[in-house]
Structures are given as C-alpha cells and as structure tokens.
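Undergrad: Protein chains in written order, with my numbering: chain A, 1 to 139; chain B, 1 to 116.
Don't take every hint at face value.
Incomplete in silico selection of chain B near chain A, CB under 10 Å [said to hold, decoys possible]:
| id | residue |
| --- | --- |
| 1 | Lys-7 |
| 2 | Val-11 |
| 3 | Asp-21 |
| 4 | Ala-23 |
| 5 | Ser-55 |
| 6 | Pro-70 |
| 7 | Leu-71 |
| 8 | Asn-72 |
| 9 | Leu-85 |
| 10 | Ile-91 |
| 11 | Phe-93 |
Quick list of in silico lysine to any residue cross-link-like pairs, SDA-like style, CA-CA up to 20 Å [what the hints assert, rightly or not]:
| id | chain 1 | residue 1 | chain 2 | residue 2 |
| --- | --- | --- | --- | --- |
| 12 | B | Lys-98 | A | Asp-96 |
| 13 | B | Lys-59 | A | Asn-98 |
| 14 | B | Lys-98 | B | Phe-110 |
Please keep in mind that the hints were generated in silico from the structure rather than gathered at the bench. The model shown is predicted, which means the values in this text are computed figures rather than measured ones. The beta carbon of each residue, even a glycine, is placed where N, CA and C say it ideally should be.
Read off the chains here:
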Amino acid sequence: MHEGSISIRIEADVREIERLNRLVRQFGELHEVPSRTLYAVNLALDELVTNVVLYGYDDPTGKEVIIKIATGGSELVASVCDGGRPFNPLDVRPPDLNAPLEDRELGGLGVHLVRSLMDHVSYSREGDQNVLTIRKKIR
Amino acid sequence: MQIKEEKQGDVMIVNIDDHLDTAAAPLFEQRLLGLIDAGERKVLVDCSRLEYVNSAGLKVFLLAAKKLEPLNGTLIIGCLAPSVLMIFEMIGFTRIMKIAPTREDALKAFSSTVTP
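Take the sequences, apply the hints, and build the full model.
TA: Structure, rendered in structure tokens:
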C-alpha cells in the first residue's frame, strides 16, 4: 500500500454516493490498498454517508459532505464530515443478531456493518460539524 | 443493477447483478415484494452476479423474508460471492435466512419444503 490522501466533497444527495464509491475504489486501486480492505472501507463510507444524506438534514439541498481518506504505514484512516444535526451513529442500538426472523428489526444494520468492518470507529462534534473517523489496519 | 425474473416450475427466480445499493434498493424492493403480493411463494434470488450490497439492499432481503414467513412461503438466497456472503454473515442473516451455494442446491431445497 502506498502513502497518500484524498479529500472528496459531494452534495448531500443519494445520487452522489455512487460517484463517491467510484472515487474511493479508484483511490484504493491507485494506492494498492488490499482488495478486502478496500471493499470494507468502501462499504463503511457508503453506510456513513448514506446516513448523513438520508437523515442528517431536514432539507439536504445545497448541503455538502466531505470525505477524507489517508493511507500510510499499515493503516487506512478515513473521515466523514458534515454540518447536519448532531448525530453520533455509535449511539445506535446494535441489532439483536440472535433474534428470530419475525423479531429482527430493519434499523441499525448499516452502523453495525461499519463497526464490524472497521478496527476503530470514533465520533466527535467539532463546532457545527459531525466528524466520524474510521480506521482499518492492513494485515 | 439489472433485475431479471424467470419461472422454473413453481419457483420464481430473480436474478440481480452489479451493485445493490441505496440507489438500486427501492426498485428491487418494489419488484421482489410485488412478486410476493402477486402470489409467488417460492422465491430464489440468484446473486451469482451480485458484487456489492449495502444495508439498504440487505433490508430488502429482510423485508421479503419477513413477508413470506407468515404466508408459509420460502425465500432462498443463492450463489452469493464470498465478499457478499461475508456481509450476510456479519449482519446475522445466515442465521435467519436460507442460503444456498448453488442454484441446484436452492431448487432442491424448495422441492424438499412441504407446501401445505
């Protein structure tokens, strides 16, 4: 894996997520991020940005989300920054994976995936911004 | 993502490909639940050409399985690529849904389920 970084600014719009995913994969391939790691980071960023776009704003028109990715040493670090309402995804109750089908709830799947796929996830509120940082070690 | 349906005996096979993501999930939900509403009770989603799924897509499988269960129907998810299967395992769906490694296994599983 090569050292490098990228900052991606997208509109808070579902249609932008596909473009984000493409840029993340291009960055990963260019920096020779192992494919399993890239798949995990791609999915985690997709989930986090989808949450912001769908639930972060009363009206997302004209709002932006900034995604940063940095590779170096044996770790990939990425962050999602938005000016939406204060929201810490880590407060979301994890789904009960042992529940029978009829009791399984539809919510919380995305955040559970992020936590499961990443080695470390942290949230901070910085001024009027939500900053969610994810880390994945290269093994 | 493209969705193609085919009927084999009394089994409705739904083939999906590429990316089942936030943009594609609403259409997949409409089609899959629409088939159940139209009376299909044995539904196989063939994922052999599916490369990527996120939680929006996973929710559709959960919705369909939940809808079929009280109708004595069966949803089988077939031919998952290893990277997609890993996501199904991570979210616990392999415990509550029927997963078949091949289309043949899936069709066999349907014929062994007794329809009342």
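Undergrad: For each hint, tell me whether it holds in the structure or not.
TA: Evaluation of the provided hints:
Evaluation of the Lys-7(B) hint against chain A yields a violated restraint, the C-beta minimum of about 25 Å exceeding 10 Å. Hint status for Val-11(B): violated, given a least beta-carbon distance of 20 Å to chain A, over 10 Å. Interface hint status for Asp-21(B): upheld, as the beta-carbon distance to the closest one in chain A is roughly 7 Å, under 10 Å. Given the 10 Å rule on beta carbons, the hint for Ala-23(B) holds: about 6 Å separates it from the nearest Cβ of chain A.
A hinted interface residue such as Ser-55(B) counts as satisfied when its beta carbon comes closer than 10 Å to some beta carbon of chain A; here the least separation is about 4 Å, so the hint holds. For Pro-70(B), the shortest C-beta to C-beta distance to chain A is roughly 8 Å, which falls under 10 Å, so the interface hint holds. For Leu-71(B), the interface hint is violated, since its Cβ never comes within 10 Å of a Cβ in chain A; the closest pair sits about 12 Å apart. Annotation: interface hint on Asn-72(B) violated; nearest CB of chain A at approximately 13 Å, more than 10 Å.
At its closest, the beta carbon of Leu-85(B) sits 12 Å from a beta carbon of chain A; the interface hint therefore is violated under the 10 Å criterion. For Ile-91(B), the shortest C-beta to C-beta distance to chain A is roughly 6 Å, which falls under 10 Å, so the interface hint holds. Against a cut-off of 10 Å between C-beta atoms, the interface hint on Phe-93(B) holds, since the closest Cβ of chain A lies about 9 Å away. Distance restraint check for Lys-98(B) and Asp-96(A): the Cα-Cα separation of roughly 18 Å lies within the 20 Å cut-off, and the hinted pair is therefore satisfied.
Our distance criterion of 20 Å between C-alpha atoms is met by Lys-59(B) and Asn-98(A), whose separation comes to about 17 Å. A C-alpha spacing of about 10 Å is found between Lys-98(B) and Phe-110(B), which places the hinted pair at or below 20 Å, so the restraint holds.
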